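Asks: From first to last, the protein sequence lines are chains A and B.
One rule links them: number in our numbering = place in the first sequence (from 1) + 418.
One rule links them: number in our numbering = place in the second sequence (from 1) + 38.
Keep in mind the hints are simulated off the structure, nothing from the lab.
Hints are not guaranteed to be accurate.
Just so you have them, the derived chain B footprint on chain A, three or more residues with Cβ under 8 Å [to be verified]:
{"hint": "1", "region": "528 to 542"}
{"hint": "2", "region": "635 to 641"}
{"hint": "3", "region": "656 to 667"}
If you want the footprint, here are the derived chain B segments under chain A, 3+ residues with CB under 8 Å [claimed, not checked]:
{"hint": "4", "region": "104 to 117"}
{"hint": "5", "region": "120 to 129"}
{"hint": "6", "region": "198 to 210"}
From a predicted model like this one, the values you see are computed outputs, not experimental measurements.
We put the CB at the ideal spot given by N, CA and C, even for glycine.
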Amino acid sequence: MNSTVPIDRFVWREWRFWLLALPGLLLGLVLVIPLLVLIWRGVTQQALAYWTNPTFLAAIRLSLLTSTLSTCLAVLTGTPLAYVLGRVSFRGKSWVELALDVPLVLPPLIAGIALLLAFGRNGVLGRPLDALGIRLPFTTAAVILAQTFIAAPLYLRTARIGFGAVAHELREQAVVEGANEWQVFRLVMLPIAWRALLAGTILCWTRALGEFGATIVFAGNMEGRTQTIPLAIFVGFETNLDVALGLSVVLIFVSVVVLFVLRWIDQTYAGSITG
Amino acid sequence: MRFLFVGTRSLVILLTVCMIGLSACQPVTPVATEPAAPAPAQPTEITVFAPSALAEATKLLGAGFEATQPDVKVLFEIGHTPTQRTQIEEGATPDVLMTAGRADIDALVEKNLVTADQIKGLARNQLILILPPGNAANIAAPADLARPGVRLLIAAPDLPVGMATQKLLENLSAAVAPDFKEKALANVVSNELGVKPIVSKISLGEADAGIVYLTDAVAAPALATLPIPPEANVTVAFMLAPLAGTANPDLANAFVAYVLSDEAQAMLQAQGFLPAKP
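Work the whole structure out from these sequences, hints included.
Replies: Given below as structure tokens:
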């Protein structure tokens, strides 16, 4: 827990306090006011009455399905990768890690174009898939792939840092006592790093839930098949602002809940990491 | 005063550094060495909202208008007409609005943001089928769009071009088969958010056919096209009007007049647009 010093009563009367506080206040307002206005309009215009709108429901259902599946993919493949990257060192490892981080900073639209060029009908990977009768673009699988591409690096990075934070001595001690690699992973690394893995999972899921750019380019927009919540919001913005507002409020609500959970994990299990 | 880790003096230094940093970001004003030529007047800017179907045309229209008006700069904001309508309803203040279709600009009349008698038709557009390189699905006539397994791309039905597409499929149903529209819609793999993405994805061969504006096909000459029978085709009217709240009504009107001039109309027709009046 980081303890903060309560603000001294006299501090408010000090001009130098405001010199620091005013710019900060300004940023705070810019960050908070638009979201409050959005929630306010969403609630007062009864945008949530669209709760039973089929487009609205289809988007929520599809988003929950795809973001959960893409997060599962990220965890199942990302955990071993993060673990291996934490255990072995080889020449050019930092370059590999850098490459795996690129999607984090890449504009999602570019990710979508890259996916389309790789997995499209004439793509490097798309052509052999096409020969097998598998066509990814415009399918729910494409949504999941786009979300995984964008969100998995977030999990990977968090997991890597989590594994990296485990003290060397613990691992070595386990090996000295005769533990094999699986036992080290299962009995030493996981119990210590699980908090980072969970945080990474939640961040990955939220990022997948909000994915727009790569999805629209690679998977297209079709209700019930590829139209996730962000796509429905975009379409709604052009036709029915209330649907867009309602879905936006849902996404903001989810984001706030996620932040609460992350804080809760942070506070409840603070100090459980050794090292 | 525990929060003040820095004393007054260091704060002043900090602020000075910030100021220097900020001023360094601004363009350096050249020191006047010779009697300067009369400073060019700051060009007056007008903003025009335009649909993406007019994206290429706006470059020509802007340059043409600026050539007739010294010290005027036209800034185009390209977007979907329904989005721009929402933006204007929420307080955006362009000087002129160009739209695909009538519906959105008429809706602004009801809100007193546009005056009804100032709305003019600027051009018309029609629909056409585009096919990917190689035409693997062997599309030879509009009727083929209903064949099972064809992957069709159309614009989202909420966009003006998407509405026209729905109308076109209805018209074709009358001409081809009563269940044509239903079958063709079942073949749609994506309701794209605009026409340009359809052109790009068809160029990449990701789908078997796409329905776009005539002008998009003119702009992408590498793509094979399939004309639509004139009796089934749908015409979309492109409109423009000065905004009621423009700060520059004279310039806004001048821009509208320029777009309707013979010179500008010839530019539009060279891009595949049909004249505003049939």
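Asks: Going through the numbered hints above, which ones does this structure break? Give me the numbers in ascending order.
Replies: The structure conflicts with hints 4 and 6, although it agrees with all the remaining ones.
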